[in-house]
Structures are given as C-alpha cells and as structure tokens.
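Build the complex: two chains, separate frames, hints provided.
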Amino acid sequence: MTGARPQSDSEARVARILAEHEGVEGGCLMVLQAIQRAFGYVPQEALAPVARALGLSQADVHGVLTFYHDLRRAPAGRRLVRVCQAEACQAMGARSLTDALSGRLGVALGGTSEDGVSLEPVYCLGNCALSPAVTVDGVMQGRATEDRVMAALEDAT
Amino acid sequence: MIFYVSADSASVSVGADRLAEALAAEAAARGIEARIVRTGSRGLYFLEPMLEVETAEGRIGFRPDGDIRAAVASLFDEAFSPGSAGCLGLVEDLPYLRRQERLTFARCGIVDPLSIDDYRIHGGFAGLERALAMAPQAIVDEVAESGLRGRGGAGFPAAVKWGAVQGATGDVKYVCCNADEGDSGTFADRMLMEGDPFLLLEGMAIAGRAVGASRGFIYVRSEYPAAIRMLRAAIDRARGAGWLGPDIGGSGFGFDVEVREGAGAYICGEETAMLESLEGRRGMIRPKPPLPAVEGLFGRPTVINNVLTLAAVPTILARGGAFYRDFGMGRSRGTQPFQLAGNIRRGGLVEKAFGVSLRELVEDFGGGTASGRLLRAVQAGGPLGGYIPEAMLDLPADYEALAEAGFMLGHGGIVVFDDSVDMLRQARFAMEFCAHESCGKCTPCRIGSVRGVEVLDRIAAGVQPQRNLALLDDLCTLMTDASLCAMGGLTPAPVRSALRHFPEDFRRPAAAAE
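As you go down the protein sequences, you meet chains G and P in turn. Using our numbering, the letters of the first sequence map in sequence onto residues 4 to 160. Using our numbering, the letters of the second sequence map in sequence onto residues -2 to 511.
Just chain P, same shape as in the assembly (with noise of 0.2 Å):
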C-alpha cells in the first residue's frame, strides 16, 4: 500500500510525524507491505493530521480521531474502506481543493519535495528548459505578458524590475529571493519552500538568465528552520542532476544558489533592510535610489523577489504568459495563494484567481469562524494592513480594488477575528509591533511607534479622549508621510482602519470613565 502523509511542519505541528509512526507500526505489525511518502501540505491545515491513501480512483483521505494509534488500526481492521470513520472521499473532490485555480500549488502535497523524478513527471523544470532556448528578453517580454507582479505585497510588475536588471552594467548580478514572510497569517512561502522547494529553484534560475545573473540567494527567516533545511536538500539534490551548477542541461548557462538565514527582524522583509542582512550587517534600511536594480547586494544589480513571484515564473514560461495573464481581474493577473487565518473554521492555503471576494474566502472556503462567534473583523496584508469589517467583505481580493477601499492585499494573509476582539486594543499592537521590529533608521516610525503606543494608552485609559484622538491622528499623518519605508508609513493603517470602522471601541474607556 501507498500512503501520503504532510511533512509540512505545521502538519507535524498537530501529529503528522505521529501519524507516520503509527501507520509504520501498524502495518508492520500487520506483515503489510507500506510506503509511506512524506508530502508536503495540501494547504488543508483544518483536516491535519491527515493521511491519503493510494487506490486506482485516485488518494482517499482519511482523518484518523482521537488516538492516533487506535485509530490507524481501526482504518487498517477496515481496510480503509471509504465507509471507514474520518473517511474523506477523494482528496481532489474535496470541493476546498476543486474550487480552486493552483497553478503555483499544484504539486504541493501531491509529490515527495524532494525527488527530482516526482518533480519531473508533473511537468517540473519545463520552464526553465524553454527559457534556456530563449534570448534573454523574451523571457522578460513572456514575464511582462503575463501581467506578474511582486507577491510580496508592493504588487510592482516583476518584468519591470527584471528589464532594469537585465539592462544594468556589471559582470556580476544577483538574484535574491525574499523568503523572510514575517507577516501574521501568512504561511504560504514557507509551504513552498517545503513542498515543492524545486519550484522556486527553478524561478530563480529562469530569473538568472533573463538578467543575466549566475548567482542566487535565498532569504528565509530563522523561524522556518524546517524550509531551510528542505532548500538545502532541494539545492544539492538539483546540483546532482545537474539543474544548478555551472552548466545546466549543456546550454552554457551558469547558476548557483546559496541559502542564508535572518536572526528575527521583521524589518528585514523590506528589501534594502533584507539586502543589508544578507551582507551580515545590522537589517537598517536604505534610502533608494539608488535601487537594488541598480545598485543591490554587495552593491551590483539584483533583482528582488517574492518567494510565489518567482514560483509562479516555471508556469508562465512553460504554459506562455497569456495562458497565465488569463487568469484574474484588471490589473491583478493570475492566481494569487490566499492564507485563511487566525479565527477560522477552515484555516488553510485557497489559490484563486485574483478577484475572487473576501467573503468568499472567507465564508465559503474559511466556513465562517472557528469560535462559531460572530465575525468582526479580517486583517488583510499583515501587521501593517488594515482592519476590514464584516459589511466590507464582499470587496473583490485584487491589488485595486483594496487599495481604492483604503487596504491592501499584501501578502495575501487574511486573519479573521471574531466579536471578542478589542479593536483598540488591536491599534495599539500595530504600534507596539512597529516599536519593536523599527530599525530605528528614521524618527518617525523609531519615535512615532512609541508615542503611538503612549497615546493609546491614554484613550484606553479614557484620558482627554477627544485631545488625544485628534494627537494619535496627528501622529499617524506624519508616520505615513515621513517614514523611509512602509513600515513606519504603514502602521497607520491598521490603526485608522481601525479607527474608521470601529469607533465605538475608542470611545468605550471615556464612557467608562465618566
């Protein structure tokens, strides 16, 4: 028999190694021949710990209840029929997965991470191989056709940066994927990295030769110490088969990619922040220009990614830009791998194309909250996105469209709180997080974080309400308008969203008070 279990490490976070284990033991125990194949994640993190079993329809689902070793025996005594408890059906029919569009996710939690063959079968690496047949700018020219912008949260069109790089002088020039995905209710970066760690390998080769770079590094923050280790295996494993290296597939093109790892800093997802890092210094932010085009990592031209901005490239090379740009609305094109999180019923990774609405998501993939409280609130783009309200939820998930509203998309994290939240409470967390991750570069996001918590302070304490509403509006004009990067520019924003759609909880310590 053949078994799929997640080796993703929020799948082992709630028992998958667990589950492995006992499915090892018990056929063992049984004289049953069983392979058990580590995936990574579906991105079903509310059916986890999870097991998929091979049979000639396709995988069967089952999610083993309560004790995980009485459980598998019980499947096994049943033969894992799908009448069996915690049956699933079909994992592909599970309408969570149906209704998606997974171009970037589509061999995630289906392929062992690491074989190049599994990589291979479901059409890995054929990007890369059209793309060594290509000139350099038609690379550039099929990126810009597909319409791909930064995943990151800038949403800058990725072909645009490409072309300043491919046609800046210099010997030397990098790639830099920026895996530091620090914001709250975000994951997907890291489900890549270690579910299908080639993909991005090979986005970030096609990304060398349409610049004409022979070198890459990868960015991952520290508290993914399991998708490092996979992109260590992944680069080695790609070495020996000759897709890195000096030479890849005899086309004469060179490139090699080296992992470094961040030390806990927030602000070392901004890319100048990431670029000082990656050269070991303090992650202090650069004012640009110049840009990293120009001038980036150990001062030559570097183009900056996302992880999903290059992992969506292998499918734009390989199916064509238009097949891609033919997914999404307006200027938002393609899929988008949105993360359900914080107070959800269905937590877990929805790729869509671009448009699709919050409440949608939300609702009919998230299934509403995981409290079964009323929904109030959903933070949209991280710590330094906004605050939305339930009646907004109906706003189409695109860059545009957010934006106009007054939020933004960003990473595509989306943390759903219930009616317990304390919105005040929340404003005042955007400060504190600000104070705490500023690098301290410029004064107002350094200072004006501080003062931001202070004056809080004091509306929730009902002090001179009305004055220092009027202070922290103030202050967060001059954040937004003063600060070198967005992250002091940025922090306003869940505060005034705040502020906006929930006055009444600012107002409730001075009706206390009096």
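Bound-form chain G, shown alone (with noise of 0.2 Å):
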C-alpha cells in the first residue's frame, strides 16, 4: 500500500453506517435508507464501498437504488412537498390542487422550484377519508388546499 488516503467525512459517515448494519442479513435496501437519511440523497462515491461491505457487485447496488421511488440520486429541494395523486384523492380535486401549486411555486411536478421547493407525486399517505392528502417536509395535511400548503411553506422557512 502507498499511505492510504485520508478518509473523507463523507467515507467516514457511509463507513459507520455500515459497520451498524454488519451482519444484518438482506440489509442492502436498509444500508441505502440510512445513507439517504445521512445525507439526504445516496452520493455515487458510496456505491463502491456499499457494494464491498455487504459483498455484492456495484450493479447490484445501482439496481437497488434505481428501483425505489424514495430513494434519490441528488439531493431533493430545501422543502419538499408531495402531494397525492393516487384515485380517492383524485376524487376529492388533487389534480386542480396539484396544478394550483405547481402554479404558485413556479415549478412543474417532478421538478424543483428556483428557490428550492421540490413539488413531487406520491401515491397513497393513507390518509384517504381526508382527502385530498400533501405532505410539506413529511408532515402531512388532510383536507389539503393550495392556501394551508403555501402557508406551511411559509411558517418554517
């Protein structure tokens, strides 16, 4: 070995996420949830020393992460919010509620806005008695409207 390169912080936290979840049998999806809880989205650099530790090839990691809906490549917005789009919503005006917000924050679904608002679909919080269901930063209202979301938008900025 020629001097081993200083471990980043970024190395160290992935490290230590790993050695928490040694010996967890199938703890490849699990691994991945908690890096993205660290920093937020899963960084490419940690797909090789995943792949090492739990002793699969990086495709099998990369396959992992491309298939969930939940795990992101990049870094979401500042905000995120997620508003519904599945069929009991959709009975009670997600669609207009969607358009209305896509409008006031400046930002289609799927995207984020200039100022950092992520504006993302969802499908189902469960919440299907009180519809039409958005989450702002995981906290979810039922009986949403465009006015309560901007204005949660607004109380924690």
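Just so you know, the hints here were simulated from the structure itself, not pulled from any lab data. Warning: the hint list may mix true and false statements.
Simulated DEER-style distance windows between Cβ atoms [what the hints assert, rightly or not]:
1) P:Glu501 <-> G:Ser13: 56 to 64 Å
2) G:Ser13 <-> P:Arg504: 20 to 28 Å
3) G:Gln47 <-> P:Lys285: 35 to 43 Å
4) P:Ala388 <-> G:Gly66: 42 to 50 Å
5) P:Glu30 <-> G:Gln47: 33 to 41 Å
On the chain G side, residues computed to face chain P include the following (Cβ under 7 Å) [claimed, not checked]:
6) Gly26
7) Gly43
8) Tyr44
9) Asn130
Reference listing, derived: stretches of chain P covered by chain G, where coverage requires no fewer than 3 residues with Cβ under 8 Å from a Cβ of chain G [as the list claims (entries may be wrong)]:
10) 7 to 18
11) 37 to 49
12) 60 to 70
13) 330 to 342
14) 349 to 359
15) 406 to 413
16) 422 to 434
The C-beta atom is built at its ideal place from N, Cα and C for all residues, glycine as well.
As structure tokens, this is what we get:
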C-alpha cells in the first residue's frame, strides 16, 4: 500500500452506517435508506464501499438504488412538498390542487423550483378519508388546500 | 378530568395535536387537573379533530369548530356539558359506530396504543395465552374453522397457508406481515398499526406458534412513518413485558419481530416482490412455484399475511373459530374493515360482517358524496379494482358476489367519485399507474401499460376511435392473460369496467371531433 488516503467526512459516515448494519441479513436496502437519511440522497461515491461491505457487485447496489421511488441520487430541494396523486385524492380535486401548487411555486410536478421547493407526486399516504392529502417536509395535511400548503411552507422557512 | 384525543396520523393531519395542546394549555391556565390520553383513531375521520371526555355514563365526544383554542376555552366555560356547541353525545352511541361489528378494531381509538395494561384489560393476549397451551395443529384447525381468508385482497384461506408452512421441512421458518398498504382508498392497516399495535404482534406470535416460526418481519411502507415508530415502540414494550422474546409466558416458545421499511414501490405489496425487498433487493416479483410457504424469505418456509388477517387471529383464538365464522355470508366469513374514502361525506372505517351492501356502506354510513353532487362510481379494491356504477351499489360486499359481477373487494377500500369524474381519464390513470409501478419483470405489464396510456390518449384525442378501442381491448386481454402477477394482470380491470359501464365517456371525444 502506498499510504492510505485520509478518509473524508462523508466516507467516514458511510463507513459508520455500514458498521451499524454489519451482519444484517439482506441489508442492502436498509443501508441505502440509512445513507439517504444521513445525506439527503445516496451519493454515487457510496456505491463502491456499500457493494464491498455487503459482498455485492456495484451493479447490484445500483439496481436497488434505481428501483425504489424513495431513493434519490441527487438531493431534493430544501423544502419537499408531496401531493398524493392516487384515486381517492383525485376524487377530491388532487389534480387541480397539484396544478394550483405548481403555478404558485413555479415548478412542474416532479421538479424543484428556483428557490428550492421540490414538488413531487406520491401514491397514497393512507389518509383517504380526509383527501386530498399532502405532506410538507414530511408533515401530513388532510383536507389539504393550496393556501394551507403555502402557509406551511411560509411557516418554517 | 380525563380526555382522549387521537394521535393517529390522519387525525393529526387535520389538527388533533393542536387540539391536544389547546386542551392541556387551557386546563393548565384554569388550574384544572387534566390527563390527556392519546389514543389511536376510532375511524370517525369525518369528525376529526375530535375529543372525548370521560364521564360516569361513558365517553362524550366533542368536535370543536372554528378556532381550536377559542372552541376549547368555551368548552371549559360550559364544563363540557352535553349542551355545548359541537357535542356529539356518547361516542359509542353514534350510529356510525353503533351499527358496526367491531372485532378487529374493538380497541382502536379507545386505548392508549402503547399501554400493555390497557391491552390486557380489553382482552389482549387472551388469544396468545390460549394458543400457547394448544398443539400447533389445533391452532391451525381453529383458524380453519373460523373461515378466515386473506384480507390483503386475494382472499386465500389463511389456515391453508399456515398448514403448508407447518408441514414444510426446515429448522428456520418465518412469519411475514405485509403492511405495504398501497391501494388508494385503504388505511385500515395503518390505523390498526398506529392504534392497536399489540394486536398485530399477538397475531404474528400465534402464527409463529402454529407453524413453528420463531421470527417475524413486518414490511411497512415508508409512507407510514408513524406506524413504523408505533410498531417499534410496541415491540420494545412487548419484549419488556415478556410477550415477545425467547420464552413467552414461560411456555418455552420464543418469537420476536422486526420492522423493515419499504421505499416507495407499490409492487412490493405483491408477496414475492415484498420478499425480495425484505431481502434488500429490487422489488421484482418471483415466479410461483415455489410458493413462499415452501421457499419464502431467505429461502425458508414463510407465512405471509396481511395486517388485517393477522390482526383477526387473536379474536379467533380467544373466542373460538365458530364465534368468528358466525359473522359473514357464504364463503366470506367474519368481519371486514371497510374503508370509506374519496368524495364521501362521512369518510372513515366501518367494520362490518361480510354481506353488507355497498349502498349501505356508501350511503347509510358514508352519507353520499362530500361535494353534494350525484354519486357516479365507486372504485373497490384499489388501483387494480373495477369502477362500479351507482346502479350496481346494491351488490353485497363479499368476495364471491363482487367477483361474479366482475369486481373485487381487495383490501376493502371503497373510493367514491361524484358525477364530475371523467372515466376515460380514470382508465388512463390505471395504465399510467401500472407503467409507473411495474417491476419490469414481464413484458405485458412493463410495455403493455405504456401502450395502454398511448392508446387511451389517442381515444381521448378522437383519433380512429373504433380501431383504438379494439386495440385497447386486445391489449387488456393480453395483459390479463400473460402478466406474471396481479399488477399487470388486473390493471385491465378498472379499464374494462370503465369501458363497460361508462362507454359514453369514451365516445365523447370522437363525437366532439366530428
């Protein structure tokens, strides 16, 4: 070995997560979820150490990473609004709510606005008796309206 | 004074936390000693946020209107008297609750979900205690007698699955609970996990005892963070009290449970995709056979049941299979927690014996549409279930009766649409959702759904309608017959039901183009 490169902070965090999951059977998805909790997304550089630690190929890890809608390969905006697009919410105006929020935030569904608000679809939050349902930074609103969502965004910037 | 306020995530989404805080603050300001118990939900979502006050007669409900703090202050002014604004009377006497047959949800909304004492006082662990004293085969027989069928949607007899796992050879077996409740219009699993988590753990332990498994997994979708927190806390407490762990109740039987979180993939509600995901891989479905009962999680014999199936088991063991079987009709025995959702005035959870008509659920319980417009369709069974026209609402909610009419009960979710719904658009959504969520393993589902969206777009644009409708029919046949699992295989169900029962919505674009 020609002198190990000092470990960066993010490498150390990934290593710590891997150590916490040592011996967990079938732990690849759990490790990627833990990395996303720590970083807000799964950095490309994490794939090699994860694959090595779990005895998988990088392609395997890439496959898991790209399969699940939750897992991100790039950070989301600083605020995250998820609007349910499924049938119960459709029946209560989710489509027009989505359009209205899209207009107010200046971003299409699936994108991130210039001031860092991501507007994303989600398919069912289990709040179907109080549709439409929206989450703002993980906090759920039932009987959601454009104004309540915007107010939540203004509340805790 | 003792108050009860739901901490269920749906209740919280419309202000239950603010209500609990206002109660605490107002009581403190007035120097009144108040205990606020955070329960699960009663399933009376249309009344949320609501509070209940303990009285000698029972719990009286109130629904504060307008500004919560002001409404709570005036309730204190009026000493929570029955004449106060927003008083609902005795909660148990509300027709919505009184007319239900609550077995699985008997405790939900009443107890502190994490109190083992509450759980015991309300009959908890009686089923497991009895099971511990029974031979494994006798447990399977009891479940067989109850007629319990899988509540996840497929309706497969639970005892047959259990018997297969019991008979499978292997030192290590697993019990997996499918809590990937992805169907729109369903929330019963979530409500139960948040409101009565010990019931699910008890059901899993009984299943473990019956089949010879010592380890269980609950696969919970990531959209349910509160349920995940609640289950993990309940597991800790159950271990602490000796209801999970290496030696339950001194019986020598050991069982423990781990929660694993999904990552946003509808397909992981399909049992083999769920196993793949539990094993940390892409949630691609596995061809069957081998059945999971023989070769399931990590290649071991595995029982896979939905939350509501496992949660029905403690009642069956505590009160006997015959007691449970006496509810229901035909081959659909017991009760089903129905979930009234979408454009409905009184949305919530209604647990009734099978056989109740859809109309009774949607109109008598649900009160019709929230918008006040005409009800045009209900979708039962989630995104893979058909759209049922208003004229057919007298169908009984029962596995066989709905199947005979070309529909399915699925997980018991009923989504109501008023007459503003465009059924061509709903058909397109079915295909779009399948394209979004297909695991990609088989071509009919992966490609067929994309083609389905394209064909429906052409129909919507009025392009060669006859030709494209024929093509759509052909595509639906192919997806139904050739897909590997229910995702591709049942996506045509909502499409075809829309075509059959609402053909005018598919003719309109062509007529407009002429």
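Here is how each hint holds up against the structure:
For the pair Glu501 (chain P) and Ser13 (chain G), the supplied restraint of 56 to 64 Å holds, since their beta-carbon distance comes to about 58 Å. Our hint of 20 to 28 Å for Ser13 (chain G) and Arg504 (chain P) is violated, since their Cβ atoms are close to 58 Å apart. The beta-carbon spacing between Gln47 (chain G) and Lys285 (chain P), approximately 36 Å, falls within the hinted interval of 35 to 43 Å. Separated by about 47 Å at the C-beta atoms, Ala388 (chain P) and Gly66 (chain G) satisfy the suggested range of 42 to 50 Å.
Range check, Glu30 (chain P) to Gln47 (chain G): Cβ separation about 57 Å, and the 33 to 41 Å hint is violated. At about 13 Å, the closest approach between the beta carbon of Gly26 (chain G) and any beta carbon in chain P exceeds 7 Å, and the interface hint on this residue is violated. Because the beta carbon of Gly43 (chain G) sits about 15 Å from the nearest beta carbon in chain P, more than 7 Å, this interface hint is broken. With its C-beta approaching chain P no nearer than about 13 Å, Tyr44 (chain G) sits outside the 7 Å limit, and its interface hint is violated.
This hint holds: Asn130 (chain G) has a C-beta 5 Å from the nearest C-beta of chain P, less than the 7 Å allowed. A count of 4 residues in the region 7 to 18 of chain P with a Cβ less than 8 Å from any Cβ of chain G is obtained; the coverage claim is therefore met, three being the minimum. For the region 37 to 49 of chain P, the assignment as covered by chain G holds, since 3 residues bring a beta-carbon within under 8 Å of that chain's beta-carbons and 3 suffice. For the region 60 to 70 of chain P, the stated coverage by chain G is not satisfied: 0 residues place a CB nearer than 8 Å to a CB of that chain, which falls below the threshold of 3.
Counting residues of the region 330 to 342 of chain P whose beta carbon lies closer than 8 Å to any beta carbon of chain G gives 6, which meets the minimum of three for the stated coverage. Only residues whose beta carbon comes within less than 8 Å of a beta carbon in chain G count, and the region 349 to 359 of chain P has 0; fewer than three means the coverage is violated. Requiring three or more residues with a Cβ within less than 8 Å of a Cβ of chain G, the coverage given for the region 406 to 413 of chain P holds, as 3 such residues are present. Note: the region 422 to 434 of chain P has 5 residues with beta-carbon separation from chain G under 8 Å; the three-residue rule is met and the coverage holds.
The structure is inconsistent with the numbered hints 2, 5, 6, 7, 8, 12, 14, although it conforms to all the rest.
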